[in-house]
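Read top to bottom, the protein sequences are chains A and B.
Read in order, the letters of the first sequence are residues 0 to 355 in numbering that gives the first Met the number 0.
Read in order, the letters of the second sequence are residues 0 to 240 in numbering that gives the first Met the number 0.
Among the clues, some could well be false.
Calculated pairs, BS3-like style, for lysine-lysine (alpha carbon to alpha carbon, straight line, at most 30 angstroms) [said to hold, decoys possible]:
| no. | chain 1 | residue 1 | chain 2 | residue 2 |
| --- | --- | --- | --- | --- |
| 1 | B | K60 | A | K166 |
| 2 | A | K159 | B | K107 |
| 3 | B | K60 | B | K107 |
Hints were generated in silico from the structure; no laboratory data involved.
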Amino acid sequence: MTSAPSADPVRPAAFPLVLGLDTFGDVTHDADDRPVSHARTIRDIVEQGVLAEQVGVDFFGIGEHHTDDFPLSAADVVLGAIAARTRRIRLGSAVTVLSSDDPVRVFQRYSTLDAVSGGRAEVILGRGSSVDSFPLFGYDLADYEQLFEEKAQLFAELRKGGPVTWKGTMRAPLHEQDVVPHTESGPFPAWIGVGGNPQSVIRAARYDYALMLAIIGGSPARFAPFSRLFHQARTQLGRDPLPIGVHSPGHVAATDEQAREEFFPRYQEVIRRVARTRGFAVPTRESFLREVGPHGALYVGSPETVARKIAANLPLLGANRFEMKYGMGGLSHGALMSAIELYGTRVIPRVRELLS
Amino acid sequence: MAGMGDDDRGAGAAGPAATTILSSRPRTAVLGAGHTGPVLARVALAAGYPVSIAASGDPAKIALITDVLAPGAQARWAADAVADAGIVVLAIPLHRFPDLDPALLAGKLVVDTMNYWPPVDGVQAMFDDPAYGSSEIVQRRLARSTVVKTLNHIGYHELEDDRRPAGAPDRRALGVAGDDPAAVRAVADLIDRVGYDAVRLDSLRAGRLLQPGSPVFGVPLGRTEFTRALARTHHTDRGSS
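Make a model of the complete structure from these sequences and hints.
Next comes the structure, spelled out in structure tokens:
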């Protein structure tokens with residue numbers, strides 16, 4: 000049977016190629032396979048961000064989570080620490096759970112990061128696949144769509160700079176409100192992360208957000224229609240094209256086998272733990288190998304394998320940016336540092352070569 | 000276990016009578032244009048069904064989504080889409096279901112693809128009763144419709160990729176549960192033509208076996224494994240009577 004409605008590639012992107020790394024701040028394990036403390040995990044992430052810059056990674060993103068396994072609830076503070084020790088790498092959230100946050104505060108935190116980092120801040124807004132922040136901050140999951148719609152609209156206004164007048168049902172109105180700090184050189188880049196809802200694609204197009212396709216399982220090709228939808232929506236609105244990015248999980252080691260053997264048991268264990276609350280099926284070795292293969296969503300393997308897969312999928316999806324979500328609960332800080340080094344020194348140059 | 004056995008219209012079993020049934024592909028109305036709606040529309044179109052798609056409100060709002068993601072489907076007002084449909088597929092988030100007017104669906108065969116999944120979607124008063132399956136509650140509210148439960152236990156992201164022709168050794172099975180045998184048959188035909196083996200369950204009550212937490216929920220299984228997993232669950236399900 001045929002799959003997507005039409006298999007032709009989306010038109011090539013006219014934006015520069017950006018190759019980044021994202022982390023959800025998974026707690027790492029020490030040499031005795033015991034979890035390290037939250038504080039240690041966070042300090043290690045600062046080191047990982049600094050290394051990412053040293054090895055030539057373009058972007059470093061931190062995904063907000065609120066659980067014992069993923070203790071990175073204040074990503075912007077960690078990004079600020081990385082900013083202080085780096086000069087070039089772009090820094091952002093991946094994602095900020097905007098629905099359970101205050102858009103004014105998100106703007107303030109990331110425009111502050113933009114100031115600290117000399118204009119290197121970005122945000123990716125979305126829900127993520129976890130929902131822990133809703134009960135934590137007193138929001139009702141049933142209001143999710145309305146919360147996101149209103150807050151994405153307000154955040155789009157805030158990003159433009161200048162006094163904001165806004166009225167909605169989920170937050171107090173603003174009237175000619177100046178929100179500080181002002182950014183130095185215009186709006187910082189902002190994206191909406193989309194996991195499969197076309198309404199979110201339309202929303203991103205309408206409010207001038209770039210599109211980040213979060214592809215965490217199944218065939219990347221099935222997202223190609225979303226890229227077409229985004230471009231056509233922008234065209235219909237009479238607006239300029241905006242970049243499209245891809246976020247997917249991965250792990251790089253010296254060989255395919257080493258990468259798989261390091262990653263699979265941790266991946267299986269993490270999914271097993273969340274399966275009960277998220278409704279995921281626990282991966283088998285067979286399903287894992289399918290995801291690692293050319294038609295799956297995982298970028299796990301040697302630098303050559305991972306680079307080839309990135310270079311194959313970006314044009315297919317009309318995307319100019321790839322963010323590999325590295326790390327998986329239980330891997331060691333050392334294994335992550337090694338993966339970052341290989342990603343920067345081997346994968347990135349190879350992707351650039353393959354796509355040039 | 001009655002009704003949980005093999006589909007009587009399996010590969011190679013199509014005689015002249017079955018051929019007549021096979022030729023009927025009722026217009027299908029998909030309600031919802033979020034994660035699942037466009038995918039359902041696409042696979043139903045590919046299976047030869049005429050498809051309408053509707054969201055809440057003006058079809059102009061989903062015209063582009065329909066054109067790009069489900070070309071061939073007609074974006075319509077919900078009332079129009081339902082009016083001439085033989086099968087109506089509910090592809091809305093469960094928490095929106097209480098807003099749906101039961102009169103809209105009166106007299107219709109309604110496919111319930113929704114799940115009650117409090118950890119992800121929050122607690123909902125209407126569905127928070129462990130004595131009933133979510134589709135039984137849907138049926139109770141849609142008292143003048145005929146509800147069939149299916150497609151709730153496969154990810155929307157798998158629905159397209161996992162399709163296989165009848166008889167393929169790796170063809171995945173999907174449960175189809177309902178109280179009305181003719182309605183179950185019509186939906187089982189749809190499932191089969193889309194590309195899955197339909198395993199029929201003879202009541203919505205039995206459809207509880209397809210809910211979140213069940214061993215078939217989200218797991219790709221062939222017909223034999225699927226039937227076996229259901230049987231195991233059935234026998235150990237102390238809550239059922």
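These are the hints, each one checked on the structure:
| no. | hint | verdict |
| --- | --- | --- |
| 1 | K60(B) with K166(A) | holds, 22 angstroms |
| 2 | K159(A) with K107(B) | violated, 49 angstroms |
| 3 | K60(B) with K107(B) | holds, 25 angstroms |
The structure does not agree with numbered hint 2 stated previously, though it agrees with all others.
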